[in-house]
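Participant: Sequence:
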Amino acid sequence: KQQFRVQCHCFSASEILNLAQVSGISLQEALARLKEAGLDSIPGAGAEILDDEIRNRISPMKLKTEEWLEVHRTAHRLGLPSTATMVFGFGETLDHRLNHLDRLRQLQEETGGFVGVIVWPYQTGKRTPLILPQQKPLDEEYLRMQALTRVYLDNFENLQASWLTVGLATGQRALHFGANDAGSVVLEENVVTGAADSLAAGAEELRRNIEMAGFVPLERDSIYSRRAPSLRRGAIFVSR
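According to the numbering used here, the residues represented by the sequence shown are 7 to 246, in order.
The reader is advised that the hints may include incorrect statements.
[Stated by the list, open to error] Simulated crosslink set (DSS-like; lysine-lysine; CA at most 30 Å straight-line):
#, residue 1, residue 2
1, Lys68, Lys41
2, Lys41, Lys7
3, Lys70, Lys41
[To be verified] With beta-carbon atoms standing in for the labels, derived distance ranges:
#, residue 1, residue 2, range
4, Gly220, Leu144, 19 to 27 Å
5, Gln112, Ser231, 25 to 33 Å
6, Asn62, Asp145, 24 to 32 Å
7, Asp145, Gly97, 17 to 25 Å
8, Ser29, Lys7, 16 to 24 Å
9, Phe10, Gly85, 21 to 29 Å
10, Ser231, Asn62, 36 to 44 Å
11, Met67, Cys16, 18 to 26 Å
12, Glu42, Asp145, 38 to 46 Å
13, Val12, Arg232, 16 to 24 Å
Honestly, the hints are just simulated from the structure, not real lab data.
In this text, a Cβ means the ideal position worked out from N, Cα and C, and glycines have one as well.
All chains should be built: construct the whole structure from the sequences, respecting the hints.
Facilitator: Right under this line is the structure:
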């Protein structure tokens with residue numbers, strides 16, 4: 007960061023909690039040290055469904071709901087903004103999804119530290135465990151979840167269309183279902199590439215996709231500061 011104008015938006019709640027534990031320091035101390043070292047914000051990775059009934063079934067070794075929320079709560083109190091996420095389609099009920107959204111809404115009311123939320127469908131692949139659904143949710147279900155998230159999380163300013171998991175066409179439709187963020191140009195992706203669908207798009211293609219939907223592309227950074235359109239490699243776009 008001393009030589010390049012970069013934003014450090016990194017480390018999941020699980021990683022931060024583990025860093026604190028193996029270092030023998032408190033969560034607050036770990037986040038404070040990371041911030042001092044140059045951390046600007048943290049992603050919402052690892053949220054999946056914030057309901058321990060589901061978490062205990064799909065990822066029993068992963069951090070629990072309250073732990074995920076506490077990492078983000080502590081980050082917000084230290085002046086570190088973050089994003090929130092939800093992955094649906096694990097076989098959970100609508101009540102589980104609503105519980106997830108409600109926990110996010112409550113924490114946002116408390117801290118105001120979330121700058122955006124990203125919702126996407128569970129991705130299947132060649133190594134999908136048999137205890138999980140073997141087919142991912144349909145695009146129509148994804149769009150309904152986008153609309154529900156926009157209505158329920160009215161204290162979140164930004165909702166991202168996850169084109170990387172649903173494709174550019176459905177991502178474009180999501181802009182009409184409540185999303186105001188078309189997502190980012192991905193230079194290297196190591197999460198969804200293991201699933202059956204692997205997508206990619208450049209800055210020009212994202213810009214064109216936004217304009218074809220009837221919106222104006224704007225560049226943003228990781229904390230949603232907006233700028234005029236740009237086509238440089240790695241640009242991120244917001245629609246309005």
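Participant: Identify every previously stated hint that the structure contradicts and give their numbers, smallest first.
Facilitator: none
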